[in-house]
Amino acid sequence: MNITFEQPKIKESPNYLNIQYGWQSWLFTTDHKRIALLYLFSITAFFMIGGAFAVGMRLNLTSPHGLLFSPETYNKLFTMHGIIMIFFFLIPSIPAVLGNFLIPLMIGARDLAFPRINLLAGICIIGGVVAVAAVASGGVDTGWTFYAPFSTTYSNTHVIMTAVAVFVAGFSSILTGLNFIVTIHKMRAPGMTWFRLPLFVWSHYATSIIQVLGTPVVAITIVLLGLERLFHAGIFDPKLGGDPILFQHLFWFYSHPAVYIMILPGMGVISELITCFSHKAVFGYGFVAFSSVAIAILSFLVWGHHLFVSGQSMYAGMLFSLLSFMVAVPSAIKVFNWTATMYRGSISYDTPMLYAFGFIGLFTIGGLTGLFLATVAIDVLVTDTYFVLAHFHYTMVGGMVMAYLGGIHFWFPKITGRMYPEGWARFAALVVFVGFNLTFFPQFILGYLGMPRRYATYAPEFQSLNVLSSAGASILGVGYLIPMIYLAWAWNRGPRAPQNPWNAKGLEWEKSPSPPPTFNFDEMPVVTENAYNYGDESVHAAEARG
Amino acid sequence: MGNLSIYPPRASAFAGQVDLLYTFLLVVSAIMIVLIFGCVFFFAVKYRRRPGGPPPRQHHGSVMLEIVWSTIPFLVMLVMFVWGTKLYFDSANPPANTLDLYVTGKQWMWKVEYPGGQREINEIHVPTGTPVKVTLASQDVIHSFFIPAFRVKHDVVPGHYEILWFQATKPGRYHLFCAEYCGADHSKMGGWVNVMSPADYEVWLSGGERGGSMVDQGAKLFSQYGCVTCHVLDAKGRCPSLRNVFGHPVQLDDGRTVMADEAYVRESILDPNAKIVKGYERNVMPVFQGQISEEGLLQLIVFVKSLSQPPEQPAPTKGAPAAAKGSPK
Numbered sequence: 001m002n003i004t005f006e007q008p009k010i011k012e013s014p015n016y017l018n019i020q021y022g023w024q025s026w027l028f029t030t031d032h033k034r035i036a037l038l039y040l041f042s043i044t045a046f047f048m049i050g051g052a053f054a055v056g057m058r059l060n061l062t063s064p065h066g067l068l069f070s071p072e073t074y075n076k077l078f079t080m081h082g083i084i085m086i087f088f089f090l091i092p093s094i095p096a097v098l099g100n101f102l103i104p105l106m107i108g109a110r111d112l113a114f115p116r117i118n119l120l121a122g123i124c125i126i127g128g129v130v131a132v133a134a135v136a137s138g139g140v141d142t143g144w145t146f147y148a149p150f151s152t153t154y155s156n157t158h159v160i161m162t163a164v165a166v167f168v169a170g171f172s173s174i175l176t177g178l179n180f181i182v183t184i185h186k187m188r189a190p191g192m193t194w195f196r197l198p199l200f201v202w203s204h205y206a207t208s209i210i211q212v213l214g215t216p217v218v219a220i221t222i223v224l225l226g227l228e229r230l231f232h233a234g235i236f237d238p239k240l241g242g243d244p245i246l247f248q249h250l251f252w253f254y255s256h257p258a259v260y261i262m263i264l265p266g267m268g269v270i271s272e273l274i275t276c277f278s279h280k281a282v283f284g285y286g287f288v289a290f291s292s293v294a295i296a297i298l299s300f301l302v303w304g305h306h307l308f309v310s311g312q313s314m315y316a317g318m319l320f321s322l323l324s325f326m327v328a329v330p331s332a333i334k335v336f337n338w339t340a341t342m343y344r345g346s347i348s349y350d351t352p353m354l355y356a357f358g359f360i361g362l363f364t365i366g367g368l369t370g371l372f373l374a375t376v377a378i379d380v381l382v383t384d385t386y387f388v389l390a391h392f393h394y395t396m397v398g399g400m401v402m403a404y405l406g407g408i409h410f411w412f413p414k415i416t417g418r419m420y421p422e423g424w425a426r427f428a429a430l431v432v433f434v435g436f437n438l439t440f441f442p443q444f445i446l447g448y449l450g451m452p453r454r455y456a457t458y459a460p461e462f463q464s465l466n467v468l469s470s471a472g473a474s475i476l477g478v479g480y481l482i483p484m485i486y487l488a489w490a491w492n493r494g495p496r497a498p499q500n501p502w503n504a505k506g507l508e509w510e511k512s513p514s515p516p517p518t519f520n521f522d523e524m525p526v527v528t529e530n531a532y533n534y535g536d537e538s539v540h541a542a543e544a545r546g
Numbered sequence: 001m002g003n004l005s006i007y008p009p010r011a012s013a014f015a016g017q018v019d020l021l022y023t024f025l026l027v028v029s030a031i032m033i034v035l036i037f038g039c040v041f042f043f044a045v046k047y048r049r050r051p052g053g054p055p056p057r058q059h060h061g062s063v064m065l066e067i068v069w070s071t072i073p074f075l076v077m078l079v080m081f082v083w084g085t086k087l088y089f090d091s092a093n094p095p096a097n098t099l100d101l102y103v104t105g106k107q108w109m110w111k112v113e114y115p116g117g118q119r120e121i122n123e124i125h126v127p128t129g130t131p132v133k134v135t136l137a138s139q140d141v142i143h144s145f146f147i148p149a150f151r152v153k154h155d156v157v158p159g160h161y162e163i164l165w166f167q168a169t170k171p172g173r174y175h176l177f178c179a180e181y182c183g184a185d186h187s188k189m190g191g192w193v194n195v196m197s198p199a200d201y202e203v204w205l206s207g208g209e210r211g212g213s214m215v216d217q218g219a220k221l222f223s224q225y226g227c228v229t230c231h232v233l234d235a236k237g238r239c240p241s242l243r244n245v246f247g248h249p250v251q252l253d254d255g256r257t258v259m260a261d262e263a264y265v266r267e268s269i270l271d272p273n274a275k276i277v278k279g280y281e282r283n284v285m286p287v288f289q290g291q292i293s294e295e296g297l298l299q300l301i302v303f304v305k306s307l308s309q310p311p312e313q314p315a316p317t318k319g320a321p322a323a324a325k326g327s328p329k
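Protein chains in written order, with the working numbering: chain A, 1 to 546; chain B, 1 to 329.
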């Protein structure tokens, strides 16, 4: 016999989600939390589109002759995969979603410094719609790097439309960075000194510096590319008196720092996850904080390592090699400090922590293979091969996407007021980890064996490793779909989350309900202690309660 | 398939050295991975949260540890840096007396020309034991000349001449790839490098049809385009004589001195007013931008090169015709 109890209808306390309804209240909102959700939904859509292109590529590569697509179509697939994943998923991912949502909450502010600029930045991501329109109208085939003179003179595809999309999305990045810098400087709650800031905020501060200083350069480069393509300005095409290498210098002057836009915020998330699920203060807080700033500065000095075989002088090659090794040091410092944080901690294996473990593993491999690329004599062999492809997928996908998923799970209770199903989430984290390694590890071997990237067809001896990689990609794809399903379910049906389900430190957990009210805090928080002040007793207190 | 090696075939003197460095990096990486993963795994198990377990001990950091784990990896990286850069420098400078090949990339093929006038598409023949210098030019977009078995790669940039060299050691047939994305059939822009013993190479060179050596063809173009009317070789003409120009410094009318290398000759053909030799008029020579193919330019350059070589010097390398000698530096 079933006895069902009618749950008493408790009216939810007013929060940022239920305070207003209707599409205008979302599309014209200036609430940083609502804007974060707008980003969340748009970049999830872009991630699925970009992922679909990857599926097409991996399917095609199961045969050395190309299973499904003509080379022209394949070239469009990898171009659109790169453009959408980089400009419309990875760059906005953690900063625009989690950073937007959390920075004011973490520093004890009501909102970002410029809420309406934040909305403008959010609208700029609509550039992605232009990119999708470019796909729909036939696509683009230049590679995400837009190298001249192919992009300026030879390609017959929608280069200009795609360039406009990237240009517009760039403003989203610049404005967000600007907003974060001002917010972190001016909006901290009383007592929230610089060295009490959560490391998530430090890493976003470093990211914002790159966004503000770097992105305008790529915007200018794109304008020059447009001038060249439309009006034959003679900047990059040697037939018009230009120099194609100039394009590469300009492009990588932004795009190398941009890879740190695509990893620093992830490092910030990992610092938060490891400290919370070890119940220990981050080991070497100052070193972790300043290593973010060091990475941001050094990132501007290493672009030439993309040009080792382009004909820049060998002394430039030497210098950029040395600088590239130097940028590895602060990254290594972070990994060591995270590991040391776990020492004598009280470690639980909740899903976000599983993603943090995954991040450390994959990012370490990504970082170590970066040393191969900084070593010029080896880079000469492996540049523009699958080795490079595997390397940056280990950092960007193994690093940033793992951190993003870890962060989404960690702050899901705060964002939605609901808990996600832990069993499914752990299972999905495992599937992602296995699928990822199976997809990308064989590509290191392929690269050193000499398989160039951006190949629609390839030599038959590379087939077995390619099939292995494609098999892994299908597992990885499933691994990404599972969280989308159960998170969507949990958003509506998951059990209600308490204010601080992880027993974590930080204003967003300790002082603001889940989900937070529109202005975040019922009263102005006053900070009296350092970040991550997990006393020796906090775990026992938690266990006594739970 | 079937071959489980993680190293591509080694067919150049350079290959073993790169593989040794690569192996060093693999070993260092393996050590780091064991160290880091081992610690993470060990801590995760040993310090897992359990009811009634010990409370976490708070450590806030250690400057000593930070210095140690920043400095040691950096020193190891310096070894990688010095080793890798030294190999790179060695590979950047071709030795004297090379056998010279001229390769033009165009969508989507590699055109190869030998000093003796032999031409091939997507096939290259080289002998073992002789350093080979490849001068790379592009007719259209950026390509990249990549021979994994030799561990060499260089971008082929339109408007630039790029140099790459290798010394093959093992006869065989090895992949040639284009490694820089260049449009629709990028993945088909490949071919084969045939490494032969010097004797076989000699036989190969003597077979097949040819349209005269590169010097002869350059000379033909030199008169066909009317260059010869002004660049009178052994007298003062309206334009400078090209005798003994290549490989020598040239005084310009703006006071600069430049070295007459491939890039200078190329520029002086395509855009003559960019650099005017001291004592000569501007706007005398027509602009040849877009008029001469990249292969024609290479032939002209080889011809100009031949004008500054003392003719009595014997051919230095087996199988290489006289004009194949590298410019003396």
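Among the clues, some could well be false.
[As the list claims (entries may be wrong)] Under the rule of at most 25 Å between Cα atoms (straight-line distance), these lysine-lysine pairs were calculated in the DSS-like manner:
| no. | chain 1 | residue 1 | chain 2 | residue 2 |
| --- | --- | --- | --- | --- |
| 1 | B | 106 | B | 86 |
| 2 | A | 239 | B | 170 |
| 3 | B | 220 | B | 106 |
| 4 | B | 236 | B | 278 |
| 5 | B | 188 | B | 111 |
| 6 | B | 236 | A | 239 |
| 7 | A | 239 | B | 275 |
| 8 | B | 188 | B | 236 |
| 9 | B | 236 | B | 111 |
[To be verified] To give an idea of the chain A side of the interface with chain B (calculated C-beta under 10 Å), a few residues:
| no. | residue |
| --- | --- |
| 10 | 14 |
| 11 | 21 |
| 12 | 22 |
| 13 | 26 |
| 14 | 458 |
[Said to hold, decoys possible] Distance windows between CB atoms, simulated:
| no. | chain 1 | residue 1 | chain 2 | residue 2 | range |
| --- | --- | --- | --- | --- | --- |
| 15 | B | 57 | A | 133 | 28 to 34 Å |
| 16 | A | 64 | B | 171 | 22 to 28 Å |
| 17 | A | 528 | B | 89 | 55 to 61 Å |
| 18 | A | 315 | B | 267 | 32 to 38 Å |
| 19 | A | 64 | B | 202 | 33 to 39 Å |
No wet-lab data here; the hints were simulated from the structure.
These numbers come from a predicted model, not from an experiment.
The C-beta atom is built at its ideal place from N, Cα and C for all residues, glycine as well.
How the hints compare with the structure:
no., hint, result
1, B/106 <-> B/86, "violated (32 Å)"
2, A/239 <-> B/170, "violated (40 Å)"
3, B/220 <-> B/106, "holds (24 Å)"
4, B/236 <-> B/278, "holds (13 Å)"
5, B/188 <-> B/111, "holds (14 Å)"
6, B/236 <-> A/239, "violated (32 Å)"
7, A/239 <-> B/275, "holds (18 Å)"
8, B/188 <-> B/236, "violated (50 Å)"
9, B/236 <-> B/111, "violated (37 Å)"
10, 14, "violated (35 Å)"
11, 21, "violated (41 Å)"
12, 22, "violated (44 Å)"
13, 26, "violated (39 Å)"
14, 458, "holds (7 Å)"
15, B/57 <-> A/133: 28 to 34 Å, "violated (57 Å)"
16, A/64 <-> B/171: 22 to 28 Å, "holds (26 Å)"
17, A/528 <-> B/89: 55 to 61 Å, "holds (58 Å)"
18, A/315 <-> B/267: 32 to 38 Å, "violated (23 Å)"
19, A/64 <-> B/202: 33 to 39 Å, "holds (36 Å)"
Checked against the numbered hints given earlier, the structure breaks hints 1, 2, 6, 8, 9, 10, 11, 12, 13, 15, 18 and satisfies all the rest.
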